[in-house]
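If you're matching them up, the sequences are chains R and X in order.
Once you know that position 210 of the first sequence is 210 in the numbering used here, the rest is easy, because the numbers rise by one and skip nothing.
Once you know that position 78 of the second sequence is 1078 in the numbering used here, the rest is easy, because the numbers rise by one and skip nothing.
Quick caveat, the hints were computed from the structure, so don't treat them as lab data.
Careful, some of the hints might be misleading.
Restraint ranges, calculated between C-beta atoms of paired labels, are given here [to be verified]:
| id | chain 1 | residue 1 | chain 2 | residue 2 | range |
| --- | --- | --- | --- | --- | --- |
| 1 | R | Gln76 | X | Leu1074 | 50 to 56 Å |
| 2 | X | Asn1099 | R | Lys231 | 36 to 42 Å |
| 3 | R | Asp51 | X | Arg1003 | 18 to 24 Å |
| 4 | X | Arg1186 | R | Gln76 | 49 to 55 Å |
| 5 | R | Gly128 | X | Thr1114 | 24 to 30 Å |
| 6 | R | Ala116 | X | Pro1161 | 29 to 35 Å |
| 7 | X | Arg1186 | R | Lys113 | 48 to 54 Å |
A virtual CB, placed ideally from N, CA and C, is assigned to each residue, including glycine.
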Amino acid sequence: MPTDRSDSHLRIVWVYPDLLSTYGDRGNLHILARRAQARGIDVEMIPIAYDEPIPRGGDIYLVGGGEDRPQTLAAQRMRADGGLSAAVANGAAVLAVCAGIQLIGEYFHIDDKQIAGAGLLDLRSDRGDSRAVGELVGEVDPRLGLPLLTGFENHGGRCHLGPAANPLAKVLVGVGNDGATEGAWAGRVVGTYLHGPALSRNPALADLVLSWALDVPLSALPPIDDTWPEKLRAERLAAVLPR
Amino acid sequence: MVRAQLATALVRTAARLSRMTGRGDGSVIGGRIGLAVEPRLLTVLARGRQVALVSGTNGKTTTTRLLTAALGPLGPVASNSYGANMPTGHTTALAQSPNAERAVLEVDEHYLRTVLAETRPRVVCLLNLSRDQLDRAMEVGMLADRWREVLGVLRQQTDLPPGEQTHVVANADDPLVTWAASAAPRVTWVAAGQRWQEDSWVCPQCGAHLKREGVDWACPGCDLRRPEPSWWLADDDTVAGPDGIRQPVTLQLPGRVNRSNAVTALAAAALFGVRPADAAPRLAEVASIAGRYATVERDGRTIRLLLAKNPAGWLEAFDMVDRVSPAGAAPPPVLLSINARVVDGLDTSWLYDVDYASLRGHRVLVTGDRRFDLAVRLEINEVPFEVVDAFTDALAAVPPGRLEVIANYTAFQDIRAELGRAN
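Model the full structure from these sequences, guided by the hints.
Have a look at this one:
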């Protein structure tokens, strides 16, 4: 359901912030809103608590990271609700970060239990041998037209992609899905292990999600002042990329 | 015992050397050496003393200092007052005060099990649990589980005489702390407040969505609910306690959070037999703790130092920032400084869990290793800011008068060093 920009505004649905906001996840909501507003687009931010139904008419859905217990509860609620899958079937865009990527896959593991996810991306996750904690840099799938992906990862899971999901990036620094690839995308759904405010260092990824929701090419979004995000990117990339 | 005596002597010598050579304040190195010689040194040093432990994610150092002051009427008190809150620091603190019959020890929340087992404390104060440096620490729900396990073990103390049993003083306003502490056999509940609630929406016992109404909270899915506190803040200047106690308390330390820390300190002191009327004047003497809350004069600027290490701490710090200003003058400028070195946590994501909006109207300067992270955050928060490369540049940029500084751990230490290890 691409937004009809003539009579509407952009609706960003933040899924279960009471369960899935482990570390600064709200940043992505505010970054998307700000970047849309900077292009003259009105935004409605819609946080949905986990005991509320997920509305089907949103343009962008944000799924954050959570600890094990809340993550399990979120997956159960999300599946029982069905709103997110319906919205995606209608063409809504989804950004899932950190544990969120596991949640929107086919299934994930908590302790020794296999838990069914929302099934929006063709991927399955399990436990890695060790926790992946630290800076991550990746070279993004060239079809998406984005610069290097940069951020912080902190997860114990590992993601295995099926044929219907594309890796978001090739890992240059860090672990990501499995040490080789990072994140996944298909259609208008993108997931990344970068946690928390992943968009703060990746304004172009924010714009990609916006362009999906607005049903326009990325290049159609007018540039905005990214002085500080660019300084931050440059500082972080210089700090972690091998010379 | 000879081995323990030798180890104790080594602790003191090493700590003294560390201070003399300027390598540190000696609070860790001594204990490390002593424990290498006698691994059970902490147990040995704690034996025969009445120990109180203070743990939680926020306010440990301050509460430790307040409780130490409150126990003053009973005689000398050993304490790791510099925030060296792991067993090496505890060992050093006890070794350096051989004659103190009492000790108040700040304990890193991940070390509660060990320190509890080794020091057999009379009182354990549990302040709060919130997200803190997830890149190197346990997720906060897991930490609450761990605490609950550790405190459940206290039920085995039934063979001990009442004077040696451990009594827990716990914050009834924090659901995670309540859940953990309710495993303990003897608990005094205090209403120590919870401004930061983002980590306790979900019941730690059954996973249902907690219901909150004012300060009260309860789980609709199981029996977990806020226990009736026996100590609380009756108003800004009065602590209420059992048996109709109404104790006026005036602190030099700023903020509601420190008044709440004072409630915990008075409740714990009462378990040692110190009446609130005797403890309260001692609390009023505490002005700053290792530079925290210190006010320093430099080049005509009156600089106040606030330390904030995690989102809950930042919310409390904003509550302390001076809003009022002399008639007609702007509110004081605020300098924010952020590093992300190992002890700070390498991850700056938590900046987005803090709402900086209350700083609008102040002139805001940002510095520290991760000033660009802060710049991006403030831009999104629509708080105007200026980026400066160093603390001295910030000092030069503001006019004579007040300057509020809020910094996280190593950023705070850097600024304190610039100011000659301000206390």
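Hints and how they fare:
no.: 1; hint: R:Gln76 to X:Leu1074: 50 to 56 Å; result: holds (54 Å)
no.: 2; hint: X:Asn1099 to R:Lys231: 36 to 42 Å; result: violated (56 Å)
no.: 3; hint: R:Asp51 to X:Arg1003: 18 to 24 Å; result: violated (60 Å)
no.: 4; hint: X:Arg1186 to R:Gln76: 49 to 55 Å; result: violated (38 Å)
no.: 5; hint: R:Gly128 to X:Thr1114: 24 to 30 Å; result: holds (28 Å)
no.: 6; hint: R:Ala116 to X:Pro1161: 29 to 35 Å; result: violated (54 Å)
no.: 7; hint: X:Arg1186 to R:Lys113: 48 to 54 Å; result: violated (36 Å)
Against the hints set out earlier in the document, violations occur for numbers 2, 3, 4, 6 and 7.
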